[in-house]
Each structure stands twice: as structure tokens, then as C-alpha cells.
Amino acid sequence: MSLDHATVSRIAKLARIRLDEAEVTRMQGELNAILGYVEQLAEVDVEGVAPLSGGAQMALRMREDEVTDGNYPDRVLANAPERIGDFFAVPKVVE
Amino acid sequence: MSLMDMTIAAALDALAAKKVSAVELAEAHVAAVEALNPRLNAFITTTPELALEQARAADDARAKGEAPALAGIPIAMKDLFCTEGVRTTAGSRILEPFVPPYESTVSARLKAAGAVMLGKANLDEFAMGSSNITSGYGPVENPWQRADGAKLAPGGSSGGSAAAVAARMAMGATGTDTGGSIRQPAAFSGIAGIKPTYGRCSRFGIIAFASSLDQAGPMARTVEDCAILLREMSGFDPKDSTSAERAVPDFRAACGRGVKGLRIGIPAEYRVEGMPREIETLWQDGIDWLRRGGAEIVDVSLPHTKYGLPVYYIVAPAEASSNLARYDGVRFGARIEGKDLIDLYERTRAAGFGDEVKRRIMIGTYVLSAGYYDAYYLKAQKVRALILRDFQEVFAKVDALLTPTAPSAAFALGEKMDDPVTMYLNDVFTVPASLAGVPGMSVPAGLDAGGLPLGLQVLGRHFDEETVFAVSSVLERAAGFAHRPGVIAGGAA
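One line per chain: the protein sequences are A and B, in this order. For the first sequence, our numbering gives the first residue as 21, with consecutive numbering after it. For the second sequence, our numbering gives the first residue as 1151, with consecutive numbering after it.
If you are wondering where the hints come from, they were derived from the structure by calculation, not from laboratory data. There's no promise every hint is true.
As the list claims (entries may be wrong) - Within a straight-line C-alpha distance of at most 25 Å, the following computed SDA-like cross-link-like pairs (lysine to any residue) qualify:
#1 B/LYS1389 to A/GLU84
#2 B/LYS1566 to A/GLN48
#3 B/LYS1547 to B/SER1361
#4 A/LYS112 to B/ASP1490
#5 B/LYS1456 to B/THR1431
#6 A/LYS33 to B/LEU1518
#7 B/LYS1410 to B/GLU1616
#8 B/LYS1566 to A/ALA42
#9 B/LYS1456 to A/GLU63
#10 B/LYS1389 to A/MET78
#11 B/LYS1532 to A/GLU63
#12 A/LYS112 to A/PRO93
#13 B/LYS1456 to A/GLN77
#14 B/LYS1532 to A/GLY74
#15 B/LYS1456 to A/LEU55
#16 B/LYS1261 to A/ASP89
#17 A/LYS112 to A/GLU102
#18 A/LYS33 to B/ASP1493
#19 A/LYS33 to B/GLY1408
#20 B/LYS1389 to A/ASP85
#21 B/LYS1261 to B/GLY1385
#22 A/LYS33 to A/PRO101
#23 B/LYS1456 to B/LYS1389
#24 B/LYS1456 to A/GLU59
#25 B/LYS1301 to B/LEU1575
#26 B/LYS1532 to A/ARG81
#27 B/LYS1261 to B/ALA1160
#28 A/LYS112 to A/LEU39
#29 B/LYS1566 to A/GLY49
#30 B/LYS1566 to B/ARG1481
#31 B/LYS1489 to A/PRO111
#32 B/LYS1489 to A/ALA42
#33 B/LYS1169 to B/THR1195
#34 A/LYS33 to B/ASP1524
#35 A/LYS112 to B/ARG1481
#36 B/LYS1547 to B/THR1617
#37 A/LYS112 to A/LEU97
#38 A/LYS112 to A/ARG36
#39 A/LYS33 to B/SER1472
Turn these sequences into a full structure, and let the hints steer you where they fit.
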């Protein structure tokens, strides 16, 4: 299966990465090469195999549902590109 | 022996015997970084003042008889570990302004153990690469040189760490390994490096690439030095949901165990077509060394090996596309202004990410998207289960596996760049162990015809790094690898 130009543009939109037309064309070739390579998985019989999501040979732990950290807004906001008071600031979203 | 050639083990002895001070070690290494980094670009950020301050503290602690395990040992920290107050970029322009307000667990442990941080080591952007060519801060040059004079890649993604250790700018370094990012650069740079079992080192504060695969580990010039560093880096951390609640063994003691009576598997599927003859020969040497050490050699099969890379190139980008969604120009990192919020996101991510990162985010977004999830992501997870099963079955019969680390020696900067898949093939021998979560170590074992280092890889059972260290130590002693790169601190360039 091969990705067309419109599909690559749609993926870029979903991924929130702005690509110009020339970049979409280049990316189309590269993504199709990668997808062509992974295509070989089709030949593996996985009937009855449970999917493996992680490398950890363990069950996830439970912990008490309690606040154990926080209450330092200045540290949290120290890297903000723009802040207003104790808030991250972004361009206006609703009129 | 010159200060710069000392192993960590020897330096700890010299420090304890007051033959050298931590400040002397730090000054010598800071000078080496200043001399060589403009050429090799192994560090994105250097921290000479911090190094000297930490060295003075190490000397003070030692004078009081309170020196912790690594007091005064100068190391490089891969720039993927968040370090409080020291800029952390992950090799990406999108994090150029980022100064973490907190410390990663692994770097905090090393700090508490008295290690001296020389700086933040260069890497492929977000650890996505096998060459260091994708770094947003320029490629690293491998200190080893080829006869034709072409500048070589140090491997990746922990290429800055590998180059720093090989060139004697640092005694050891931290790396992270998602599909081979510790083992392959260690092999390309003639040093040792271990990816421990998934869960052995905390992932807290390591900038995430593919969370089900990412694992920190040490890189150093000897197997024993890796064992010394790993002990301090390891241990349970409640801040990482997949951190293993297990005691940390004395890895250094395991280095002296020998291989007598061990069963070592040789997987048939690692004998790939087109592999250079020197690598075949070196692998056979490794088999002979272990047999001579008293091990029994057993031919084994890991039938799904060839599917490791295609599984990896679905699973890792899928996790990356999710993990990297956080870089949106709002809470930290670089921002490009836009006419509205979506425009701000799209411009920020277009400007901040390099080509390889964009490719992987796009692949990951696609394989997770509605209608394709089952065909790609779910299928890859099922084949991943079969790869794990392969390892579980062979580890019922053998104690460890011996393979080459990489299918070639270091390539030149610019080579293998024709298409992404050619570059991905570098990780063919390292990716399966990452997918299964088992520990793997690369040991420098010989040179190719062009005088470039080659590594052998030892794989072990989950949480049995001790056997990996035992086998690796026997290989290291038998190989007697004493070669040094052309570009080296205090040496001729």
C-alpha cells in the first residue's frame, strides 16, 4: 500500500507539522520506503498471539491516590515562552 | 599511565591512595574537552565550572573519609537526561532554550555518588538515529580515523558520549538505548557499553523517545568500569511506573566470575548476507575465546530476528509521535508565533524538529490513525510478542548469547544517507534485544582491515546483567583490545 500526496498532507495536519508542497512530495517518497520495508510483517502468522505492549516483565504497581508533589508555579512556568501571572499564555482561541 | 588513560577502577584506587585529587582529574579532563570539542563536537554544552566545583566537593568529602562510590570521576552526561539548572536539548532545536527545573533520577544518583559532570553530550535529535548526523547541533566526529581521511560517524544515538569516552575527554558516560543507541556507538568507537534490562534504570527525567524501549546505561573504556557505573545508575524509582523493584547486584564482582560451565548460544539468524568477513572472523574468535574459558557453545535459533527492525520501525515511531506531542511551543521550548493556536503549533513544530524526527512522527501518526492501527501497530505488537518468545525459549537452554554488535564498522559522515531504511539496517543486531527488554553489552574485540574497531555483543536473560558482565569480561581479556583512536586527549591528532 502506498501513501498518496493528499494522505501525507493529512498526516502532517494530524501531527501538527507544517509542510510545504515540496516537503510533502519528498516525505511521500521517504514514508513509502519505510512502509514498504515494514510490509514484510504481513508474512508472519500471529494467529492467537496476544500483543506485547512493553518491555517490562512485570505488572504495573498501584499507589495511594494522593498529592505528593507540586505547589511551585514559578518552577513549572520557568520555561514558558510566554506567561501571564501564573498561567501559560497562548494566542486568543475564542472570540 | 597518564591521567587521561586511567580506567575508572584505577582512578578510584589512585584517589583513595591520595596519588591524585579529584580537582587534578577534573582540570585535566576539562582541558581535554576544551582542546578536542571544537573538532569532535562531542558536547552540546560544557560545564567546566560545575565540574571543578563538584571535584572540590569530592576532594572535601574524601578528606573527611566520606567519599561516595564515584567521588571525583569525570563523566559526560548524554543531553537526554534532564539536569537541574543546566540546559538540556535532546539534540533538538525545539529545546534550545530549555533549562530543566528538575533532575533525572539517573543523573541525580550519579551526582549523589560524587561523579563530576563535564558537560552534556551530543546525540541524534531525540535519540532518533544511528549516526549523530540528525543532531540539531551538528554531527559528532568519531575520534577513530580511516585511511582515506573521511570523517567518520561515531554511531548513535549516544555518539557524543561514545566519542568523549574514546577520545579520553571523559572516563565514562551515560547513554540511552532504544534500539541500539548505546551498543552500536560503543562498537563504532572502540569502547564498552551496556543496555541493562528494561526497568533496571529509572526513566524519570530522561526525555522520552519510545517509552516501552528507552533504557539508560553506562559507556566506558572497560567492562569493569561499566559495571561500576551501572551499579550507581540502577535501582527502583517510584517516579517511573516501569521501574523494577529489585535489589541491585554487585555487577563489578560478577566481572570476575569467568564462563566455566556456562552455556553460550550462537544464533544462526545473526549470520546475515553481505556481512564483512572480518566480522565473521571476529565472531568465531569470540566463540573460541569463550570455549577456551570453559563455556559450552550451543547453536540456537531466534526465528523472528529478521522481523525485529520492521517491528521497531512501527512501535518506536508510534510511541514517539505520542511522546513528542508535548512540544507545541506553549509550556516550554522554542515557539514560533502564529495567527492562531493551530498555526502556532504547526509553525513551532515545523521549525523546531529536524527531518528524521518529522519522518518518525509522521510514520507514528499514520500507524496509529483510525483504520490503520490494527494492520500496523497491533500487528507489530503481536510480532514483538513472538520476538520475546524466541528469547525466552533460547534462554531456557543457554545462559547468554554471543553475536556481533553491528553489521559494519563506523561509516563516514554522509554515507548511508540515501534513504532512511539503509541507515536503519545498522541496528539489525541490537533491536531484537530492545524489543524483548533483555540486557545487552558491546565489548571492543578487534579491528577491521581498515583499522576501525569492531564490537561483539553479549545478550543475557532479563535482570541477569551479572552473566552478561561475566561473559563480556572474558571476551575483553581474551581480545586484549589496546588500540587507541587517532584523535585523543594529549595525543597527536
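Comparing the hints with the structure gives:
{"no.": "1", "hint": "B/LYS1389 to A/GLU84", "result": "13 Å, holds"}
{"no.": "2", "hint": "B/LYS1566 to A/GLN48", "result": "20 Å, holds"}
{"no.": "3", "hint": "B/LYS1547 to B/SER1361", "result": "30 Å, violated"}
{"no.": "4", "hint": "A/LYS112 to B/ASP1490", "result": "7 Å, holds"}
{"no.": "5", "hint": "B/LYS1456 to B/THR1431", "result": "22 Å, holds"}
{"no.": "6", "hint": "A/LYS33 to B/LEU1518", "result": "14 Å, holds"}
{"no.": "7", "hint": "B/LYS1410 to B/GLU1616", "result": "14 Å, holds"}
{"no.": "8", "hint": "B/LYS1566 to A/ALA42", "result": "23 Å, holds"}
{"no.": "9", "hint": "B/LYS1456 to A/GLU63", "result": "12 Å, holds"}
{"no.": "10", "hint": "B/LYS1389 to A/MET78", "result": "16 Å, holds"}
{"no.": "11", "hint": "B/LYS1532 to A/GLU63", "result": "13 Å, holds"}
{"no.": "12", "hint": "A/LYS112 to A/PRO93", "result": "22 Å, holds"}
{"no.": "13", "hint": "B/LYS1456 to A/GLN77", "result": "23 Å, holds"}
{"no.": "14", "hint": "B/LYS1532 to A/GLY74", "result": "11 Å, holds"}
{"no.": "15", "hint": "B/LYS1456 to A/LEU55", "result": "16 Å, holds"}
{"no.": "16", "hint": "B/LYS1261 to A/ASP89", "result": "22 Å, holds"}
{"no.": "17", "hint": "A/LYS112 to A/GLU102", "result": "13 Å, holds"}
{"no.": "18", "hint": "A/LYS33 to B/ASP1493", "result": "11 Å, holds"}
{"no.": "19", "hint": "A/LYS33 to B/GLY1408", "result": "56 Å, violated"}
{"no.": "20", "hint": "B/LYS1389 to A/ASP85", "result": "14 Å, holds"}
{"no.": "21", "hint": "B/LYS1261 to B/GLY1385", "result": "15 Å, holds"}
{"no.": "22", "hint": "A/LYS33 to A/PRO101", "result": "23 Å, holds"}
{"no.": "23", "hint": "B/LYS1456 to B/LYS1389", "result": "35 Å, violated"}
{"no.": "24", "hint": "B/LYS1456 to A/GLU59", "result": "13 Å, holds"}
{"no.": "25", "hint": "B/LYS1301 to B/LEU1575", "result": "21 Å, holds"}
{"no.": "26", "hint": "B/LYS1532 to A/ARG81", "result": "24 Å, holds"}
{"no.": "27", "hint": "B/LYS1261 to B/ALA1160", "result": "20 Å, holds"}
{"no.": "28", "hint": "A/LYS112 to A/LEU39", "result": "24 Å, holds"}
{"no.": "29", "hint": "B/LYS1566 to A/GLY49", "result": "17 Å, holds"}
{"no.": "30", "hint": "B/LYS1566 to B/ARG1481", "result": "37 Å, violated"}
{"no.": "31", "hint": "B/LYS1489 to A/PRO111", "result": "8 Å, holds"}
{"no.": "32", "hint": "B/LYS1489 to A/ALA42", "result": "23 Å, holds"}
{"no.": "33", "hint": "B/LYS1169 to B/THR1195", "result": "30 Å, violated"}
{"no.": "34", "hint": "A/LYS33 to B/ASP1524", "result": "22 Å, holds"}
{"no.": "35", "hint": "A/LYS112 to B/ARG1481", "result": "16 Å, holds"}
{"no.": "36", "hint": "B/LYS1547 to B/THR1617", "result": "14 Å, holds"}
{"no.": "37", "hint": "A/LYS112 to A/LEU97", "result": "19 Å, holds"}
{"no.": "38", "hint": "A/LYS112 to A/ARG36", "result": "18 Å, holds"}
{"no.": "39", "hint": "A/LYS33 to B/SER1472", "result": "15 Å, holds"}
Comparing the model with each earlier hint shows violations of hints 3, 19, 23, 30, 33; every other hint is respected.
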